[in-house]
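Engineer: In case you want the letters, here they are:
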Amino acid sequence: MTYTLEGNTGIWEIVVGLEVHAQVISQSKLFSGASTLFGGEPNSHVSLIDAGFPGMLPVINQECVRQAVRTGLGLKAHINLESRFDRKNYFYADLPTGYQISQFEHPIIGTGIVLIELSDGSTREIGITRLHLEQDAGKLMHDQDPKRSFVDLNRAGVALMEIVSEPDIRSPEEAGAYLRKLRQILRYLGTCDGNMEEGSMRADVNVSVRKAGEPFRTRCEIKNVNSIRFVMQAIEIEATRQIEIWEAGGEVDQETRLFDPNKGETRSLRSKEDAHDYRYFPDPDLLPLVIEQDWVDQLKQTLPELPDEKRARFQQEYGITAYDAGVLVAEQPTADFYERVAKGRDGKSASAWVTGDFFAALNRTGKSIEESPVSSENLGAMLDLIADGTINGKIAKDVLETMFETGEAPLEIVERKGLRQVTDTGALETAADDIITKHADKVAEYRGGKDKLFGFFVGQMMKATGGKANPAIVNDILRKKLDA
Amino acid sequence: MLTDLTIAQAADGLRKKDFSAVELTLAHTTAIEALNGRLNAYITPMPDKALDAATKADAALAVGEAPVLTGIPLGVKDLFCTDGVKTTAASKILANFIPPYESTVTAKLLKNGAIFLGKTNLDEFAMGSANLTSAFGEVENPWHRANDPSPLVPGGSSGGSAAAVAAHLAMGATGTDTGGSIRQPAAYCGIVGLKPTYGRCSRWGTIAFASSLDQAGPMTRTVEDAAIMLGAMAGHDPKDSTSANLPVPDYRAACGRSLKGLRVGIPAEYRASGMSEEILAVWQKGIDMLREAGCEIVDVSLPHTKYGLATYYIIAPAECSSNLARYDGVRFGVRAEGATSLDEMYEKTRHDGFGEEVRRRILVGTYVLSAGYYDAYYLKAQKVRTLIRRDFTEAFEKVDVLLTPTAPTAAFRRDEKPVDPVQMYLNDVFTVPASMAGQPGMSLPIGLDSQGLPLGLQLIGRHFDEETLIAVGSGLEKAAGFTARPDLRAGADA
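The listed protein sequences derive, respectively, from chains H and L. Take 2 as the starting number for the first sequence in the numbering used here and just add one per residue. Take 17 as the starting number for the second sequence in the numbering used here and just add one per residue.
Hints listed in this document are in silico derivations from the structure and should not be mistaken for laboratory results. Keep in mind that the hints are not guaranteed to be accurate.
For lysine to aspartate or glutamate, the following EDC-like pairs were computed, each having C-alpha atoms within a straight-line distance of at most 16 Å [stated by the list, open to error]:
| # | chain 1 | residue 1 | chain 2 | residue 2 |
| --- | --- | --- | --- | --- |
| 1 | H | Lys-481 | H | Asp-452 |
| 2 | L | Lys-301 | L | Glu-312 |
| 3 | H | Lys-469 | H | Asp-425 |
| 4 | L | Lys-102 | L | Glu-118 |
| 5 | H | Lys-148 | L | Glu-360 |
| 6 | H | Lys-148 | L | Glu-353 |
Excised from the complex, chain H in its bound form:
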């Protein structure tokens, strides 16, 4: 499915590359022992190093390196055993040392791949150019005082992974799919919580347009977009803006822009001429970062199963469709829940119940799967009750409902409410005889050829037994009596 935009001069293709800043999950910051907890009092998680005090020196946090390597492995990327930290120099009040420690020339992770799935079922590979470690900056607060601004350094020095994609993305949908997939991988690895609202994942979007077969034209970078929806909107709006410029005979300037979701426009932040000269140079306070292949191999072995692999395995092991498998692996806790339910049971039936009534009930009650009052054990036990004929599917829906309300085990509910399926043929035959007598007219119609009325009799049977009748036995008895 090719996405294009139609201008006055014809069809335009868009070219997008994404730079994602993902906050590393770690106890302490990239180069200091200060906590990375989100949302403390301003300046409560700040060490002297983070505040850039005289004589303070950075020391690399091994945990952040481990997380970056694990992420690299998850992106099937090249791991650079030797990398280096550089200083990116610029003045701003949220940057205490006047430089950000980053990796410019020699990042820790090289080229990798992210496989994205699109709505039409097709897949595409998006190339990863690199991943590097760097420090986050602090935060300025302009709303505390009429004349002054305040600085909160809680976030200053927190480790970020900058994950740069190749300009392989060709539509807003692909950009969205890429971000969702990347977030899914990071969450599976536990290397970033992917929470865009809290800013622990942010994207810079590089957009250009071109006619089919052309080389790349000038791109613009849209900074710090903080939701997937906004990224998709920003791409379309920016591409449209650029097409208008080109078609009016103008020239797109390489510049940094901001996306304003309220006005639905991007606007210039700074032009190429005003771009900072960051004066990158190797940080003399830090030695080159050298890691061992053995350690990388060890990390690789202990990596969790990732979404692509899990999805393939679910399809194969549980016989479910690619679509259902995709839904189930979207979040790791869901995949784990499903797998506990499906283990040793009918995988398709487990999938139908988990993605069907169970998800619906979660949605209705606004609960996450971790908060579900129905445990995977109890949902599994319910499937067992269906399988062994204790209850039928219809009753099961009611039982699940009650399980959500009370958290009880299904068997308890079945016993308490007397919901066991009626399989007593004698009782069912008596009920059938009553119904046939009561509805002699319908019986005549049925026997006269109105086959559809069979369902009516089944319904009457269910009504008479409070839904508890075993549907197969009911069918047998009715056929026997009506067709006799």
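We have chain H already, so just place chain L on it with the hints.
Structural biologist: Same frame as chain H, now just chain L:
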């Protein structure tokens, strides 16, 4: 006089109860009070804290098992952050800065029982070779030319430490050396200055000038004292990623070690044209003394020496331009008033706060790192630095230690200060190459020139082989028998 003692002698006397730490400290604080007004060696004397510490030292000595420097009064270059004590780097921009932490080096000295007499003067942010750039006034060299009372510079940047030790206003002092800032003032003031191997002493808590070069070291009146102090300052620090994880040897044990069969290299390139006959003579004297002591004298070549200064004055400013970016008036230090925007606040704060030389180096450093100039300057300088390092590696395949002059001249008069900053930079010509290569270097006084000013020689050693420097230094010291003292000193008739 108590102020005439060496650290080794005083440590002995304290243990023998010949005198108390309070008496020893009081002798020094009294001398500081008498002379600091003129010498300006200390920016911040701390007599009360020193006496409190001396009382505690006496208590520790009375109990016994007091560590090596217990009760020894020292000066601390005002570049080492000291907990609760103003630390200025001799800059207006830090005029009000009181660190809430203690640098690793000074913490180690305190742990070893040392008493701090105060914070010594220096060139602003350690940038200078004559102690003329301090925001808190020039330091006067305690030495004077015969029949010429004009003040001489003490060298720099650790000029306050050098002057304090030479004038007996401290038994020893910490210095830092980036391109010669321990060795050159030690030579100008007739004392011993030891710059250890890069990575030997932690840089944590020491205000940075050029991170890949900065190294702390002792400044003392004898080689043995330097060995004692270094032993207390050195060692691995997990808080400094560039500090070496190596055991600290017993440096003092290297004093007096036999020099027989030691190969001493004389680098041809250090015979710079225009060097005074007197410097050449003192160098020859050093060579003769070492030959006498049984050393083998070997001619060596360090072919890239001539690029040392130019390379240094690219790399050091580049690093300083970045290191000093944190002095922006936002979080600590002095902030200029009256600015109406963030950029204006930066500009005013940094213009008012930094002196001319610091501003010059920040500008040079910013320039050499800029897009379009980086390759031609910074990257090229890094390549040359590798060649300079290789020069030393190759030389040390042939010899155990190098002997050179420390500086091209003796101390000069303030009014003889070169107008051209590049001329000023030439003072570092002999000290910079070892800094660039991370080698340890030591300057010690050998004799006086015709005007009665001390001249020093420099020993350069293998990486982490300070012991050989100390062994050779103590041999040279003994042979030279340098006992001259400056006219301005504690107890001298002024």
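Engineer: Confirm or reject each hint.
Structural biologist: Each hint tested on the structure:
1. H/Lys-481 / H/Asp-452: Given pair H/Lys-481, H/Asp-452 holds - Cα atoms ~14 Å apart, limit 16 Å.
2. L/Lys-301 / L/Glu-312: 15 Å, holds
3. H/Lys-469 / H/Asp-425: Roughly 11 Å separates the two Cα atoms, so the pair holds.
4. L/Lys-102 / L/Glu-118: 11 Å, holds
5. H/Lys-148 / L/Glu-360: 15 Å, holds
6. H/Lys-148 / L/Glu-353: Holds, at roughly 14 Å.
Checked against the numbered hints above, the structure breaks none of them.
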